[in-house]
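Numbering of the sequence shown is given in my numbering, commencing with residue 1 and proceeding in unit increments.
Any given hint could turn out to be false.
[What the hints assert, rightly or not] With a Cα cut of at most 27 angstroms, we get these calculated DSSO-like pairs of lysine-lysine:
(1) Lys263 with Lys133
(2) Lys263 with Lys135
(3) Lys263 with Lys136
(4) Lys35 with Lys24
(5) Lys72 with Lys136
(6) Lys201 with Lys133
(7) Lys43 with Lys23
Simulated from the structure, these hints should not be mistaken for lab results. Predicted model, so just to flag it, every value in this text is computed and none were measured.
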Amino acid sequence: MTTKNELLSRLDQKYPKLSKGQKKLTDYIRENYDKAAFFTASKLGETVGVSESTVVRFATQLGYQGYPEFQKALGELVRTKLNSIQRMEVTYGRIAQGEILGSVLQSDIEKIKMTMESVDEHAFQLAVDTILKAKKVYIIGIRSCAPLASFLAFYLNLICDNVVSVHTNSASEIFEQLIRIDENDVIVGISFPRYSMRTLKALEFASNRRAKVITITDSIHSPMTIYSSCNLIARSDMASIVDSLVAPLSVINALVVALCMKKQDEVIKTLEMLEDIWDEYQVYSRDELEPVEDEVRLKQEEEAEKD
1 MTTKNELLSR
11 LDQKYPKLSK
21 GQKKLTDYIR
31 ENYDKAAFFT
41 ASKLGETVGV
51 SESTVVRFAT
61 QLGYQGYPEF
71 QKALGELVRT
81 KLNSIQRMEV
91 TYGRIAQGEI
101 LGSVLQSDIE
111 KIKMTMESVD
121 EHAFQLAVDT
131 ILKAKKVYII
141 GIRSCAPLAS
151 FLAFYLNLIC
161 DNVVSVHTNS
171 ASEIFEQLIR
181 IDENDVIVGI
191 SFPRYSMRTL
201 KALEFASNRR
211 AKVITITDSI
221 HSPMTIYSSC
231 NLIARSDMAS
241 IVDSLVAPLS
251 VINALVVALC
261 MKKQDEVIKT
271 LEMLEDIWDE
281 YQVYSRDELE
291 PVEDEVRLKQ
301 EEEAEKD
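Kindly generate the complete structure, drawing on both the sequences and the hints.
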């Protein structure tokens with residue numbers, strides 16, 4: 001199941017009642033939203049051939065409080081619709097070669113700040129409580145979100161008894177792993193633009209079986225929120241063909257820490273048991289743990305022999 005972008009829906013609904021100039025704006029945006037998202041009201045009006053005041057009235061006519069809110073909606077459309085080639089074209093048009101490192105790092109910092117400013121503490125606590133009460137926890141993330149899903153599954157496995165990291169090689173394989181999910185379970189779906197249809201279908205499947213659904217995604221307008229009862233919103237953006245997933249990872253870190261605090265005694269016992277196992281089976285060798293120290297010790301022994 002797919003949902004049409006909110007801005008596109010508004011354009012379709014309002015189009016018959018728009019003025020001639022506003023219809024020109026609509027037609028331009030439908031064809032060039034990737035460019036329009038970065039225009040000021042003045043620049044958009046100049047490009048289309050209408051006045052700046054027409055652009056501002058157009059934004060309010062669509063139901064937005066002003067041009068900044070309309071431009072934000074355009075940004076949501078861009079993040080959802082741009083393909084990889086278009087992402088590269090947009091990014092390379094904004095960042096000079098010598099500014100890439102600083103620009104990308106600054107962008108990641110801003111995404112974390114924006115996430116902090118809009119964080120929903122109630123949703124966060126609900127996610128913690130839902131996971132703690134679940135009989136089994138399923139986690140799904142596909143393509144660029146797969147590392148986030150693996151990271152979350154790794155640490156949840158130290159906290160909860162039944163954690164399933166859903167393998168996503170094929171749609172049929174996903175449903176086979178979810179076949180026994182029910183109202184006692186929870187599924188955590190992680191997806192950012194461009195949204196994964198397989199993740200969405202998995203959440204739909206789980207919801208139909210009355211399982212609790214938690215999403216980690218970039219916006220309340222994300223299609224991932226259709227089936228969820230709890231949404232953890234973390235801002236993401238594009239950097240060329242690379243999705244910025246720093247803020248989502250921070251939210252996942254916070255989720256893990258909150259769960260650890262709730263089950264502190266159990267987690268400590270698990271870690272103590274693991275430390276014994278790691279020592280017994282030499283999971284971490286001396287070479288891996290102390291390579292620098294060994295090198296220094298070797299040099300000291302060589303110098304002592306010379307003396």
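*Honestly, which of those hints from before does the structure not fit?*
Number 5 - this is the single hint that the structure violates.
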